[in-house]
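Undergrad: Given next are the chains, with one letter for each unit.
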Amino acid sequence: MIKLAHEKQRILICGGTGCISTGASNLLESFKSTLKAKNMDCEYDVILTGCHGFCEQGPIVIIEKDNTLYCQVTIDDIDELVSQHLAANQLVERLLYINPIDNRRISSHKDINFYKKQHRILLDLCGKIDPENISEYINHGGYAALQACFEQKPTDIIEEIKVSKLRGRGGGGFPAGLKWEYTRNADGDPKYIICNADEGDPGAFMDRSIIEGNPHSVLEGMLIAGYAIGSNIGYIYVRAEYPLAVKRLRIAIDQAEATGYLGENILGSNFSFQIKIKEGAGAFVCGESSALMHSIEGHRGMPRSRPPNSTKKGLWSKPTCLNNVETFANIPLIILMGGNEFAKIGTENSTGTKVLALTGKINNTGLAEVPMGISLRDVIFDIGGGIKDGKKLKAVQIGGPSGGCIPEEMLDLPIDFDSLYKAGAMMGSGGLVVLDESTCMVDLAKFFLEFTHNESCGKCTPCREGTYRMLQILEKITDGLGTQDDIIHLERLSNNIMNSSLCGLGKSAPNPIVSTLRYFRYEYDAHIEDKTCPSGVCKKLISYRIDSMNCKACTICLKHCPSQAIIGERGKPHLIVSENCTRCGICLEKCPFQAVKMG
Amino acid sequence: MCELKCNTEHPEVANIIEAHRNNPGALIIVLQKAQSVVGYLPKEIIKQIATGMNLSESKVYGVATFYSQFHLTPRGENIIRVCMGTACHVRGAVTILEKLQEQLHIKSGETSKDLKFTLETVACIGACGLAPVITINDDTYGKLKPSQLKDIINKYR
Numbered sequence: 001m002i003k004l005a006h007e008k009q010r011i012l013i014c015g016g017t018g019c020i021s022t023g024a025s026n027l028l029e030s031f032k033s034t035l036k037a038k039n040m041d042c043e044y045d046v047i048l049t050g051c052h053g054f055c056e057q058g059p060i061v062i063i064e065k066d067n068t069l070y071c072q073v074t075i076d077d078i079d080e081l082v083s084q085h086l087a088a089n090q091l092v093e094r095l096l097y098i099n100p101i102d103n104r105r106i107s108s109h110k111d112i113n114f115y116k117k118q119h120r121i122l123l124d125l126c127g128k129i130d131p132e133n134i135s136e137y138i139n140h141g142g143y144a145a146l147q148a149c150f151e152q153k154p155t156d157i158i159e160e161i162k163v164s165k166l167r168g169r170g171g172g173g174f175p176a177g178l179k180w181e182y183t184r185n186a187d188g189d190p191k192y193i194i195c196n197a198d199e200g201d202p203g204a205f206m207d208r209s210i211i212e213g214n215p216h217s218v219l220e221g222m223l224i225a226g227y228a229i230g231s232n233i234g235y236i237y238v239r240a241e242y243p244l245a246v247k248r249l250r251i252a253i254d255q256a257e258a259t260g261y262l263g264e265n266i267l268g269s270n271f272s273f274q275i276k277i278k279e280g281a282g283a284f285v286c287g288e289s290s291a292l293m294h295s296i297e298g299h300r301g302m303p304r305s306r307p308p309n310s311t312k313k314g315l316w317s318k319p320t321c322l323n324n325v326e327t328f329a330n331i332p333l334i335i336l337m338g339g340n341e342f343a344k345i346g347t348e349n350s351t352g353t354k355v356l357a358l359t360g361k362i363n364n365t366g367l368a369e370v371p372m373g374i375s376l377r378d379v380i381f382d383i384g385g386g387i388k389d390g391k392k393l394k395a396v397q398i399g400g401p402s403g404g405c406i407p408e409e410m411l412d413l414p415i416d417f418d419s420l421y422k423a424g425a426m427m428g429s430g431g432l433v434v435l436d437e438s439t440c441m442v443d444l445a446k447f448f449l450e451f452t453h454n455e456s457c458g459k460c461t462p463c464r465e466g467t468y469r470m471l472q473i474l475e476k477i478t479d480g481l482g483t484q485d486d487i488i489h490l491e492r493l494s495n496n497i498m499n500s501s502l503c504g505l506g507k508s509a510p511n512p513i514v515s516t517l518r519y520f521r522y523e524y525d526a527h528i529e530d531k532t533c534p535s536g537v538c539k540k541l542i543s544y545r546i547d548s549m550n551c552k553a554c555t556i557c558l559k560h561c562p563s564q565a566i567i568g569e570r571g572k573p574h575l576i577v578s579e580n581c582t583r584c585g586i587c588l589e590k591c592p593f594q595a596v597k598m599g
Numbered sequence: 600m601c602e603l604k605c606n607t608e609h610p611e612v613a614n615i616i617e618a619h620r621n622n623p624g625a626l627i628i629v630l631q632k633a634q635s636v637v638g639y640l641p642k643e644i645i646k647q648i649a650t651g652m653n654l655s656e657s658k659v660y661g662v663a664t665f666y667s668q669f670h671l672t673p674r675g676e677n678i679i680r681v682c683m684g685t686a687c688h689v690r691g692a693v694t695i696l697e698k699l700q701e702q703l704h705i706k707s708g709e710t711s712k713d714l715k716f717t718l719e720t721v722a723c724i725g726a727c728g729l730a731p732v733i734t735i736n737d738d739t740y741g742k743l744k745p746s747q748l749k750d751i752i753n754k755y756r
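Heads up: the protein sequence lines correspond to chains A and B, in order.
Here the first sequence is numbered in this note's numbering, starting from 1 and rising by one per residue.
Here the second sequence is numbered in this note's numbering, starting from 600 and rising by one per residue.
By construction, these hints were calculated from the structure, which means they are not laboratory data.
Treat the hints with caution; some may be incorrect.
[To be verified] Derived pair list, reagent style SDA-like, types lysine to any residue, alpha-carbon separation capped at 25 Å:
#1 Lys559/A with Lys712/B
#2 Lys590/A with Asp412/A
#3 Lys742/B with Ile752/B
#4 Lys247/A with Lys712/B
#5 Lys632/B with Lys531/A
#6 Lys742/B with Gly188/A
#7 Lys712/B with Lys742/B
#8 Lys744/B with Gly188/A
#9 Lys162/A with Gly188/A
#10 Lys754/B with Ile251/A
#11 Lys116/A with Ile98/A
#12 Lys531/A with Ala565/A
#13 Lys539/A with Gln747/B
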């Protein structure tokens, strides 16, 4: 790769949505003006990059010359960073990352476990380049893969993708090369390429981060697909809820057109390609390929039964190859390193890397790219920094609403398509939510069911009525009114819905129930038999009380209680009147003496 | 922006329709653009779009009611969105939503009578490191505790 020769030293500010929402854009301006005021602006460039992945510690600033990573930087810190670090070469200790294991401060991001254990090939340039400047991508080897493709036959490229054994990263894990081949061989003209950027899973933001951090890698992947399949037009269907991603895609497309990477006779070849952006309008089911295509056509985004598959009859009934953002971003890498080399990363049947969104009760919330086959334990404890507040891990939920829960005993399970499927979960888009002892698994299943029920398009009865009925049963159980018969009903409904729904949304909607029943049946039993919620989450099954031994009668809880459920006065231990209590937990949060107890 | 009092054709919407009349599949784009001009999609606008695009009103309603981005009723001056993503859920988003409903005297999806606030939930804003998180217009409030909500809302009253 060509290394970009920077005349100036660079200061990289994370410009991912997480950091921007905590004020990263203000840092950019402030840095620039402070450098100017100190006459140092000729020495340093300040760049708003894509997501660095380390969202928990945002806003993040990296001083590139010595790889120093500063965490949770605010405007008030800029002056010190400039005068102390940049001018005097001294670390600003208080803003360095603290290693949760030994409380040591670490300056270089290369020494932080979160980054050390990753295998960043897709995210490599996210956080290093300015995503709004095409020359930075080109100078880091961008569009070289496309150029290389023009010297090969389209069928050779498809062969290369097949050799790489790349499986679609949208969830199902269908071999990408095979899908390309089917589309190429299908009859019909024109053929379409679609990039699915409708990332609707709660707790998943990897596609968004790739687009925000390195939009050209997605465009290049689509261009190569277009050339290989024989298509001249591509659509990117992106969530309207991702305004920054949409903005950066538009800039990238404009720049690629202006520099001849998109449009007519690209780079002097016979190949022409255009890319259009279609903004989604907010419907989870539009992540399903046939629903997505209906939405591009301007209809309600409802799926249709298959066959024929989209590779034969897709958008406007023409052959269509739909892959997601991460799949396309892999393509230039495969071309550059060769399918065989790519296949060496990961496992036999799941090659390459996977970007995971780590969230929940984990210390290092963020985005991590790992080789396929890494164990859940390594991801959670090494990269994720372990469980928040020293609590005990209970389970990992992986794959979004369609996925499932994996209990603590199975943490050594490798993360790849097949082993997750066998364990009752799925890769999905790669959302990984860590759950600790304070998570109620019945409540969690209810949460996902509520989501899939709301998002069901309503076209087929098993999904429309079935998810509603399952939700009602779960509500009954979490309200303390469940019976053992309900479990039998849940199991029967799950089977029927999985077998008879029209699309993936319905087919996978019961997964959260099936997997929690499989591994956490005792929690269902506690709700049904003992009328208790062991994790203290289901409101109808918990109550608060004040331990008179610990109560200092300070009136803090009484003052904060929004429903006047606490009685007492200064010097007199307080009492909670349970009929008035709405179980909001504010008293528990506010009591300085841990006198409020749950149970 | 919030209230439309006209029985005649909305001129800007007419321009939007004109620009997209011949594009296949443009209905969603037209609805998005019309909503950004008018603020919401009152029945007059739906009718204008149906006539202008040569579609039945039921087709336009069908699309407008399917996607969560479209609103058929006026919107509040301040839009409060509570993130209900998985990370926010396990870190207490339900309690945050309940407190907001209590304090604003509206349910999720509703707009206060004085058109000051609209309260809604979103599936995930992707700022999971800040969970539980809400946004009010373009401002983000993360790592929220229920007791902080009153002061936050008062800033927008």
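Undergrad: For a C-alpha distance cap of 25 Å, please report whether Lys742/B and Ile752/B respect it.
TA: holds, 16 Å
Undergrad: Within 25 Å, alpha carbon to alpha carbon, are Lys531/A and Ala565/A?
TA: holds, 23 Å
Undergrad: Has the given pair, Lys744/B with Gly188/A, been kept, meaning a C-alpha gap of at most 25 Å?
TA: Cα-Cα ~57 Å, so violated.
Undergrad: For the pair supplied as a hint, Lys632/B and Lys531/A, confirm whether the alpha-carbon distance does not exceed 25 Å.
TA: Violated, at roughly 51 Å.
Undergrad: Between the alpha carbons of Lys162/A and Gly188/A, is the straight-line distance 25 Å or under?
TA: At roughly 23 Å apart (the allowed maximum being 25 Å), Gly188/A and Lys162/A satisfy the hint.
Undergrad: With the threshold set at 25 Å, check whether the alpha-carbon distance from Lys559/A to Lys712/B stays at or below it.
TA: violated, 29 Å
Undergrad: Tell me if the straight-line CA distance from Lys116/A to Ile98/A falls inside 25 Å.
TA: Holds, at about 15 Å.
Undergrad: Does Lys742/B lie within 25 Å of Lys712/B when you go C-alpha to C-alpha?
TA: violated, 29 Å
Undergrad: Starting from Lys539/A, check that the Cα of Gln747/B is at most 25 Å away, please.
TA: holds, 21 Å
Undergrad: Starting from Lys590/A, check that the Cα of Asp412/A is at most 25 Å away, please.
TA: violated, 39 Å
Undergrad: Lys754/B and Ile251/A were given as a pair; does the straight-line alpha-carbon distance stay at or below 25 Å?
TA: Distance of about 35 Å is beyond 25 Å: violated.
Undergrad: Given the proposed pairing of Lys742/B with Gly188/A, does the C-alpha separation stay at or below 25 Å?
TA: violated, 52 Å
In this structure, the hints that do not hold are numbers 1, 2, 4, 5, 6, 7, 8 and 10, in rising order.
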